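Q: Chains as they are written, first to last, in this note's numbering: chain A, 1 to 279; chain B, 280 to 611.
Calculated from the structure, these hints are not laboratory results.
Computed from a predicted structure; not experimentally measured.
One or more of the hints may lead you astray.
Unchecked claim - Simulated crosslink set (DSSO-like; lysine-lysine; CA at most 30 Å straight-line):
| hint | chain 1 | residue 1 | chain 2 | residue 2 |
| --- | --- | --- | --- | --- |
| 1 | B | 334 | B | 477 |
| 2 | B | 313 | A | 230 |
| 3 | B | 477 | B | 490 |
| 4 | A | 187 | A | 197 |
| 5 | B | 490 | B | 334 |
| 6 | B | 334 | B | 313 |
| 7 | A | 45 | A | 135 |
| 8 | B | 490 | A | 135 |
| 9 | B | 313 | A | 135 |
Claimed, not checked - Where chain B lies over chain A, by a calculated footprint (3+ residues, C-beta under 8 Å):
| hint | segment |
| --- | --- |
| 10 | 103-115 |
| 11 | 123-135 |
| 12 | 159-169 |
Even for Gly, the Cβ is constructed at its ideal location relative to N, Cα and C.
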Amino acid sequence: MSDLSTLQQSAYRIRRYALRMGEVQGQGYIGQALGWADVLAVAYKHAMAYEPADPQWEGRDRFLLSHGHYAIAFYAALIEAGIVPEEELETYGSDDSRLPMSGMATYTPGMEMSGGSLGQGLSIAVGMALGLRLKNSHAVVYNSMSDGELDEGSTWEAAMGAAHHRLSNLICLVDINNQQADGPSGKIMGFEPLADKWAAFGWHVQRVNGNDLPAVVAAFDAARALAEDKPRVILFDTLMGKGVPFLETRDKNHFIRVDPPEWQQAIAHVDSTQTEGAL
Amino acid sequence: MNATTEKKPRLTTSAMIASIASEGQRVTAAPFGKAMVELGRNRPEVVGMTADLAKYTDLHLFAREYPERFFQMGMAEQLLMAAAGGMAKEGFIPFATTYAVFGTRRAYDFVHQVIAEENLNVKICCALPGLTTGYGPSHQATEDLALMRSIPGLTIIDPCDALDVEQAVPQMAEHAGPVYMRLPRGNVPLVLDEYDYKFELGKAKLIRDGKSVLVISSGFMTMRSLEVAQQLQGDGVDVAVLHVPTIKPLDEATILAEVRRSGRLVVVAENHSVIGGLGEAVASLLMRSGVATTFRQIGLPDAFLDAGALPTLHERYGISTAAMSQQIKGWI
Numbered sequence: 001m002s003d004l005s006t007l008q009q010s011a012y013r014i015r016r017y018a019l020r021m022g023e024v025q026g027q028g029y030i031g032q033a034l035g036w037a038d039v040l041a042v043a044y045k046h047a048m049a050y051e052p053a054d055p056q057w058e059g060r061d062r063f064l065l066s067h068g069h070y071a072i073a074f075y076a077a078l079i080e081a082g083i084v085p086e087e088e089l090e091t092y093g094s095d096d097s098r099l100p101m102s103g104m105a106t107y108t109p110g111m112e113m114s115g116g117s118l119g120q121g122l123s124i125a126v127g128m129a130l131g132l133r134l135k136n137s138h139a140v141v142y143n144s145m146s147d148g149e150l151d152e153g154s155t156w157e158a159a160m161g162a163a164h165h166r167l168s169n170l171i172c173l174v175d176i177n178n179q180q181a182d183g184p185s186g187k188i189m190g191f192e193p194l195a196d197k198w199a200a201f202g203w204h205v206q207r208v209n210g211n212d213l214p215a216v217v218a219a220f221d222a223a224r225a226l227a228e229d230k231p232r233v234i235l236f237d238t239l240m241g242k243g244v245p246f247l248e249t250r251d252k253n254h255f256i257r258v259d260p261p262e263w264q265q266a267i268a269h270v271d272s273t274q275t276e277g278a279l
Numbered sequence: 280m281n282a283t284t285e286k287k288p289r290l291t292t293s294a295m296i297a298s299i300a301s302e303g304q305r306v307t308a309a310p311f312g313k314a315m316v317e318l319g320r321n322r323p324e325v326v327g328m329t330a331d332l333a334k335y336t337d338l339h340l341f342a343r344e345y346p347e348r349f350f351q352m353g354m355a356e357q358l359l360m361a362a363a364g365g366m367a368k369e370g371f372i373p374f375a376t377t378y379a380v381f382g383t384r385r386a387y388d389f390v391h392q393v394i395a396e397e398n399l400n401v402k403i404c405c406a407l408p409g410l411t412t413g414y415g416p417s418h419q420a421t422e423d424l425a426l427m428r429s430i431p432g433l434t435i436i437d438p439c440d441a442l443d444v445e446q447a448v449p450q451m452a453e454h455a456g457p458v459y460m461r462l463p464r465g466n467v468p469l470v471l472d473e474y475d476y477k478f479e480l481g482k483a484k485l486i487r488d489g490k491s492v493l494v495i496s497s498g499f500m501t502m503r504s505l506e507v508a509q510q511l512q513g514d515g516v517d518v519a520v521l522h523v524p525t526i527k528p529l530d531e532a533t534i535l536a537e538v539r540r541s542g543r544l545v546v547v548a549e550n551h552s553v554i555g556g557l558g559e560a561v562a563s564l565l566m567r568s569g570v571a572t573t574f575r576q577i578g579l580p581d582a583f584l585d586a587g588a589l590p591t592l593h594e595r596y597g598i599s600t601a602a603m604s605q606q607i608k609g610w611i
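Given the sequences, and given the hints that come with them, work out the whole structure.
A: Written out as structure tokens, the structure reads:
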């Protein structure tokens with residue numbers, strides 16, 4: 001458990017680690033990382049049980065990164081969680097690195113699945129949640145996914161399956177940044193009214209601003225505390241590029257190329273949000 | 280229709296979907312289901328999962344015996360495969376069942392990415408492999424082996440009969456890693472008990488020796504090949520049958536040793552498209568190994584096959600015993 005200012009600092013460091021990894025490659029899914037950093041900070045520094053020295057600890061809460069291209073954000077969270085050493089971020093996306101561009105379970109400690117073929121995480125989560133229940137485990141399975149994955153039919157197979165099996169140990173986190181490869185998600189395949197859809201599928205639903213830390217904390221707390229035996233989903237509206245104004249407003253920010261001097265500017269922007277200055 | 284002509288009873292599709300056994304043949308009912316019940320007794324980590332086909336894959340016997348370890352995933356094969364992967368991640372050994380068309384064509388990326396890429400301990404057991412239903416291409420998995428063979432690390436089993444199934448199930452559980460099994464369901468012929476045979480994962484077995492022809496076969500085509508061998512014996516044609524129940528990894532040493540015994544026509548017989556199955560696997564093995572031989576393939580054509588009754592279709596596409604015998608006689 002952490003207070004808000006500690007979480008705020010964690011979110012700041014996650015953004016900063018992600019930007020430093022982006023700088024290694026000169027490009028990447030940095031807009032998503034900046035937008036999802038607050039949710040990852042709350043997951044890893046407030047909600048989840050885990051042992052940094054033993055990422056496979058049986059009692060851990062499971063965090064599935066279904067959207068494998070968010071790896072840059074997730075590695076930043078793993079560094080913040082103490083599971084991946086900070087020095088390693090300089091290897092991001094390089095040959096023989098444990099931190100490939102798209103998340104893979106066999107490469108990275110703390111990575112629970114090979115994501116990237118979108119729409120698979122929630123189905124895996126259903127199996128893990130069933131398995132944990134069969135083992136009488138109290139661990140929770142979190143499935144982190146993007147709004148683009150709402151297009152995938154398997155997402156809705158899993159949504160039905162989770163509700164059918166009353167998986168109260170499953171919490172789905174959806175990043176609604178309204179941006180996918182070909183443009184704004186709502187224009188690629190409209191998914192609203194999204195809260196109604198999940199509710200109709202039998203889920204407990206919350207929709208909050210994913211960049212409002214107190215709201216994110218409250219949503220995680222409510223999802224975990226719920227007594228009803230149904231799966232829970234939190235729909236997080238987030239801002240792509242959050243914390244770096246010139247990325248927030250950039251038009252096609254699904255996969256960002258950033259000019260070399262801009263990385264330092266981006267880091268400076270993020271740093272300026274911190275009174276304590278650069279790390 | 281001329282009423283005076285003696286009419287052959289017209290075979291129907293529906294009457295023939297339950298079993299590939301011919302009339303009067305010895306069968307075992309639901310050998311997979313029985314083997315699963317047996318396996319579950321001593322292996323609490325074994326769980327059964329299905330996509331609305333427990334009854335039609337014989338998994339209902341396991342579900343009845345161990346309801347707490349049976350998971351109905353609905354008619355959602357992508358969910359089935361990925362959830363089985365999730366179960367395996369939690370230390371269980373899921374046996375996931377559906378029809379071969381759905382387990383391969385429909386759920387391919389989920390088998391590839393969720394199960395195989397992470398080498399998860401999932402056993403995919405799929406009924407109606409190849410041409411074992413007359414429902415037409417929607418249900419005929421004529422290319423399942425081609426699809427599954429190209430997935431790295433996936434073990435593939437194509438059992439011949441009830442004995443093969445019964446012995447394969449515990450060995451699949453023993454094997455650490457993903458397995459795809461073509462599943463004969465319902466009343467499954469019992470053939471191999473008459474031969475001194477035991478299923479061993481990864482091993483090809485010479486079921487019957489012979490001097491004129493070496494048939495290399497898998498699945499129920501081994502049963503057909505043994506029938507062919509008996510028929511041709513009367514014509515003075517001596518047929519050996521090498522049963523290859525493990526398609527991947529292929530028992531290359533045994534196959535090469537048998538083919539290298541000179542002077543025999545080599546025929547690969549399989550219940551699968553001639554593209555990408557056992558036939559091409561053996562052909563490429565022989566080419567790579569520099570073994571020159573007279574090589575022939577008996578398999579399903581590269582086509583969308585007809586709907587109809589199985590005996591009609593097996594005859595039409597050359598995998599009935601009679602059609603095979605005729606074909607082989609023509610080759611020698």
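Q: So, for every hint listed, does it hold in this structure?
A: Now the hints, each set against the structure:
1. 334(B) with 477(B): Distance ~28 Å between residue 334(B) and residue 477(B) Cα, so the pair holds.
2. 313(B) with 230(A): 34 Å, violated
3. 477(B) with 490(B): 23 Å, holds
4. 187(A) with 197(A): Status holds; Cα separation ~18 Å.
5. 490(B) with 334(B): 44 Å, violated
6. 334(B) with 313(B): 13 Å, holds
7. 45(A) with 135(A): 26 Å, holds
8. 490(B) with 135(A): 57 Å, violated
9. 313(B) with 135(A): 25 Å, holds
10. 103-115: Coverage by chain B holds for the segment 103-115 of chain A (6 residues, Cβ < 8 Å).
11. 123-135: holds (count 12)
12. 159-169: Holds: 4 residues of the segment 159-169 of chain A have a Cβ under 8 Å from chain B.
The earlier numbered hints that this structure contradicts are 2, 5 and 8.
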